[in-house]
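Colleague: Residue-level listing of the chains:
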Amino acid sequence: MIILDLLPIALLGAVLGMDVVTFPQAMISRPIVAATVAGAFIGNASAGLVMGAVLELLALEMLPFGAARYPEWGSASVVGGALYASQAFDPAGALPASLFAALVAALFSGKSMVWLRRLIAAMAARQRASLQSGSRKAVNGLQLAGLTGDLIRGFCVTLAAMLVFHPLIKAIVASWSVDARYSRAFVVAIVAAVSARAVWKVFHSVPGARFLFVAGLAAGAVILVTR
Amino acid sequence: MTDPVQTDRTLPVGTWLIIFSRLFAIQGAWNYETMNGNGIAFCTEPALRLLPGGIDGEEYHQALGRHAKYFNAHPYFAGVAVGALARAELDGVPAPMIERFRTALGGPLGSVGDRLVWASWLPLCSLIALGAFGLGGRPLLVIAIFLVTYNVGHLALRAWGLRVGFKRGLRVADALAHPVLRRGPQVVGTLAALIAGVSIPLAARAVIGGGRNLSALIILLAMTGGLFLARLGGRVEGWRISLIVLGLFVLFSVIR
Chain D
1 MIILDLLPIA LLGAVLGMDV VTFPQAMISR PIVAATVAGA FIGNASAGLV MGAVLELLAL
61 EMLPFGAARY PEWGSASVVG GALYASQAFD PAGALPASLF AALVAALFSG KSMVWLRRLI
121 AAMAARQRAS LQSGSRKAVN GLQLAGLTGD LIRGFCVTLA AMLVFHPLIK AIVASWSVDA
181 RYSRAFVVAI VAAVSARAVW KVFHSVPGAR FLFVAGLAAG AVILVTR
Chain R
1 MTDPVQTDRT LPVGTWLIIF SRLFAIQGAW NYETMNGNGI AFCTEPALRL LPGGIDGEEY
61 HQALGRHAKY FNAHPYFAGV AVGALARAEL DGVPAPMIER FRTALGGPLG SVGDRLVWAS
121 WLPLCSLIAL GAFGLGGRPL LVIAIFLVTY NVGHLALRAW GLRVGFKRGL RVADALAHPV
181 LRRGPQVVGT LAALIAGVSI PLAARAVIGG GRNLSALIIL LAMTGGLFLA RLGGRVEGWR
241 ISLIVLGLFV LFSVIR
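Protein chains in written order, with this note's numbering: chain D, 1 to 227; chain R, 1 to 256.
Just chain D, with the same shape it has in the complex:
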């Protein structure tokens, strides 16, 4: 991939990165959507969906409560989906290596959101007098600056992650030594453990949740056996 090939992916990362907080929060940034769309951009939506499901299982744990600091899944899922979908014939290390890249991207993208929020706070402090005197220009200007900043942030994070990880993942996959089945099994075990804890954390206060979860597992087991 040359840099021109990466631009549509970076733009997608910018738009979906914005959805996490600033606009429109319709959850098009959730991994199951963002990674699938990124996969479709590469021409392999099914691979994107697999990466999206894996990331979604991990993302269940981190809910975007108020001022909490959380990983930014929108741009990161675009990175993960695009990297995994671009590995032809799904080689052994493609899923774990792409997932690793997506998680690193989520970590740095989350940090970039914190930096942006500090920058907006500094801008708001500089314009305090105008804002408090009810200047429409100041209010709209700050809002527009925040939205533009977030778009640029998502673009830069996605582009940088793709520039770093696209060649790196290729090299990792080329020298991968663990069997494909064990590699996938390892990934699934990790995300299943994290998602089970996430579900417990979110729903443990609901009366009867334990019983219902076990009942659901039983129903799931029946479906798995009969399909």
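One or more of the hints may lead you astray.
To be verified - What follows is a list of derived Cβ distance ranges for each label pair:
no., chain 1, residue 1, chain 2, residue 2, range
1, D, K111, R, F252, 24 to 32 Å
2, D, K111, R, I219, 29 to 37 Å
3, R, L155, D, S205, 38 to 46 Å
4, R, A159, D, A219, 33 to 41 Å
5, D, S177, R, A144, 37 to 45 Å
6, R, E58, D, L7, 47 to 55 Å
7, R, I55, D, H204, 48 to 56 Å
8, D, A221, R, V236, 26 to 34 Å
9, R, T103, D, A219, 44 to 52 Å
In case anyone wonders, no lab produced these hints; they're calculated from the structure.
From the three backbone atoms N, C-alpha and C, an ideal C-beta is built for every residue, glycine too.
Got chain D; can you put chain R on it based on the hints?
Modeller: Chain R in isolation, oriented as in the chain D frame:
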């Protein structure tokens, strides 16, 4: 001052549409100092143009300045505040009363929204989509199921919030006792716990693909990992541990 509890006031359709569309960008300038404050001013601004004197009037500038100060609420429920504050301003409620009301409103709108949306509705929709993926749903179908289900609730909440906020003005706190808001998180949580039991194994199986004969090993590893994470409590986030473990696994596989 006009009667602050009059119920016949309406907004022009154009103003309502502009405010509603601005609500989607209410967190555009979210920051650690004023949080949603500027967003509240940005969204109420079209209604404030209706104050005597319009955008050049003193009332407009004073009201806009009031609403650009610190405010925090769940983004989907912030429409309740936008509607109620716009109504209070247009009804000519005294500024100190509006400021006290504004201060009191943020907390409840944050906690109700966090419980209903982030901790219940979003996980439920994610789990439904994961279930659809686990049952072999095609990519377009899976994302359509997630986006349509989630956004039916999302858009309904935003529209309801703005409407009820403007309709009730300073009396909007009563609306937060609506049965859907009080009992919703528990009902949605109950459903989500059941769907989680079905969806997580199905989704895991769909990801495993050709390695299905390793199911016993995966269940053993997942249970060990789950117990380990449970022992850690809330001290470390699971995704961070996943990142470290995956990094080590990648390293092992490459240098082996």
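Colleague: Are the hints correct? Go through all of them and say.
Modeller: Going down the list of hints, with the structure as the test:
no.	hint	result
1	K111/D / F252/R: 24 to 32 Å	holds (27 Å)
2	K111/D / I219/R: 29 to 37 Å	holds (35 Å)
3	L155/R / S205/D: 38 to 46 Å	violated (28 Å)
4	A159/R / A219/D: 33 to 41 Å	holds (35 Å)
5	S177/D / A144/R: 37 to 45 Å	holds (39 Å)
6	E58/R / L7/D: 47 to 55 Å	holds (49 Å)
7	I55/R / H204/D: 48 to 56 Å	holds (51 Å)
8	A221/D / V236/R: 26 to 34 Å	holds (30 Å)
9	T103/R / A219/D: 44 to 52 Å	holds (48 Å)
Going through the hint list in order, the structure does not satisfy hint 3, though it satisfies all others.
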